[in-house]
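Asker: Chain residues, written in single-letter form:
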Amino acid sequence: MAYSDKVIDHYERPRNVGTLDKDAVNVGTGMVGAPACGDVMRLQIQVNGEGVIEDAKFKTYGCGSAIASSSLLTEWVKGKTLDEARLIKNSQIADELALPPVKVHCSVLAEDAIKAAIADYQSKQGTG
Amino acid sequence: MFDFSKNYFELFGLPVGFRLDTAQLAARYRELQKVVHPDRFAAADAGSQRLSLQGATLVNEAFATLKDPLKRAQYLLALRGVEQDPQKSTLNDPAFLMQQMELREALAAVSSAQDPRARLDALLDEIGGMIKHQLARLAVQLEDGGADQLAAAAETIQKMQFLNKLHAQAEAIEADLEEAI
Numbered sequence: 709m710a711y712s713d714k715v716i717d718h719y720e721r722p723r724n725v726g727t728l729d730k731d732a733v734n735v736g737t738g739m740v741g742a743p744a745c746g747d748v749m750r751l752q753i754q755v756n757g758e759g760v761i762e763d764a765k766f767k768t769y770g771c772g773s774a775i776a777s778s779s780l781l782t783e784w785v786k787g788k789t790l791d792e793a794r795l796i797k798n799s800q801i802a803d804e805l806a807l808p809p810v811k812v813h814c815s816v817l818a819e820d821a822i823k824a825a826i827a828d829y830q831s832k833q834g835t836g
Numbered sequence: 016m017f018d019f020s021k022n023y024f025e026l027f028g029l030p031v032g033f034r035l036d037t038a039q040l041a042a043r044y045r046e047l048q049k050v051v052h053p054d055r056f057a058a059a060d061a062g063s064q065r066l067s068l069q070g071a072t073l074v075n076e077a078f079a080t081l082k083d084p085l086k087r088a089q090y091l092l093a094l095r096g097v098e099q100d101p102q103k104s105t106l107n108d109p110a111f112l113m114q115q116m117e118l119r120e121a122l123a124a125v126s127s128a129q130d131p132r133a134r135l136d137a138l139l140d141e142i143g144g145m146i147k148h149q150l151a152r153l154a155v156q157l158e159d160g161g162a163d164q165l166a167a168a169a170e171t172i173q174k175m176q177f178l179n180k181l182h183a184q185a186e187a188i189e190a191d192l193e194e195a196i
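Residue numbers (the working numbering), protein chains in the order written: chain P, 709 to 836; chain V, 16 to 196.
One or more of the hints may lead you astray.
Chain V side only, calculated, beta carbon under 10 Å to chain P, not exhaustive [to be verified]:
no., residue
1, N22
2, F24
3, T105
4, N107
5, D108
6, A110
7, L112
8, I142
9, G144
10, I146
Simulated coverage check for chain V against chain P, where a stretch passes if three residues somewhere in it have a Cβ under 8 Å from a Cβ of chain P [as the list claims (entries may be wrong)]:
no., segment
11, 86 to 96
12, 165 to 177
These aren't lab readings, by the way, just hints derived from the structure by calculation. Backbone N, C-alpha and C fix where the C-beta goes; we use that ideal spot for every residue, glycine too.
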C-alpha cells in the first residue's frame with residue numbers, strides 16, 4: 709500500500725511526540741486502542757485558564773497512518789479552544805492525509821483520542 | 016461427500032464450546048483431510064473434483080479456526096449471534112490501554128537494557144501470563160453463555176487481540192536479539 713507524502717512526512721518527523729504530566733489538573737489524557745490492529749494511542753492536552761489548548765503531546769504504537777493521524781491532530785488542536793477541538797472530524801484528518809479507505813479507522817482513532825482527552829480534562833475540572 | 020451446512024464443531028464431531036480436546040481435533044482433522052483430499056478425486060468427474068476442493072478448503076478453514084483460541088472464541092460468539100465489528104470498535108478500558116502502552120514502551124527499551132535477553136524474557140513471561148489469564152476468563156464467559164457474559168467475552172477477545180500483537184512484537188525483538196549474537 710502506498711502512503712501519501714503527508715503521511716510519510718508525519719511518520720518520519722512526527723510532531724509533538726512525548727508526555728505531559730497525566731496527574732496535573734490542567735492536563736487531559738485520552739487513551740484509545742483499536743483491537744483489530746492492536747494500535748494504541750495516547751493523546752494529551754494542556755489547557756490554560758481561558759479553555760485554550762496550549763500544548764499537546766502524543767505517543768502512538770501503530771502503523772504509519774495511525775502515527776500520522778495523531779501527529780497531525782496535535783498540530784491542529786494547539787491554540788484551539790476545547791469547543792473548537794471537539795469539532796474536528798476524522799474525515800478532515802483522513803482528507804488531509806489522503807488516507808485510503810482501509811486506513812480511515814486510524815483517523816477515527818485519533819478523533820476518539822482527542823474526545824477522550826477533552827472528557828478527561830473536563831472530569832478533572834468537575835465540568836464533564 | 017459431507018454436509019457443507021454444518022458448523023465447524025459439527026463438521027469435526029466436537030461439542031460446541033470453547034474448551035476443546037486438541038488431540039481429538041487433530042485426529043479428526045487428519046481423518047477429514049483423507050476424505051476430501053483432491054488426490055482421491057484425480058480420476059473423478061469435474062463436479063466431484065470441485066466439491067473435493069471446496070471440502071478440503073472448508074476443512075482447512077475449520078481447523079485453523081478451531082485450533083486458535085482467539086479465532087475459536089470469535090467463531091463461537093458469531094455462532095451465538097453476537098456481532099463484532101472489527102473496524103469500528105475502540106476498546107473502552109483506559110487502564111488496560113495504559114498498561115498496553117507501558118508494555119510497548121518497555122519492549123521498545125529492551126535493546127538498551129543492561130541485559131536485553133533477561134529483560135525480554137521477563138516481559139515475555141509477563142505477557143504470556145496476561146494471555147493465560149484472559150484465556151481463562153474467556154473460557155468461563157463463553158461457558159456461561161448468558162447475554163452479559165457473551166458481551167464480556169467480546170471485550171476479552173478485544174484484549175486478547177492487543178496481547179497477541181504485543182506478544183508478536185516481543186517475538187520479533189527476540190528474533191532480532193538472536194540475530195545480533
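Asker: Are the hints correct? Go through all of them and say.
Answerer: Outcome of the hint check:
1. N22: violated (24 Å)
2. F24: Where the cut-off is 10 Å and the nearest Cβ of chain P is about 24 Å from F24 of chain V, the hint is violated.
3. T105: holds (5 Å)
4. N107: Hint holds; N107 of chain V Cβ to chain P Cβ min 9 Å, cut 10 Å.
5. D108: Holds: closest Cβ of chain P sits about 8 Å from D108 of chain V, inside 10 Å.
6. A110: holds (9 Å)
7. L112: It holds, given that the least Cβ distance between L112 of chain V and chain P is near 4 Å, below 10 Å.
8. I142: violated (12 Å)
9. G144: violated (18 Å)
10. I146: violated (13 Å)
11. 86 to 96: With 0 residues close enough to chain P, the hint is violated.
12. 165 to 177: Held - the segment 165 to 177 of chain V has 5 residues with a Cβ nearer than 8 Å to chain P, which meets the minimum of three.
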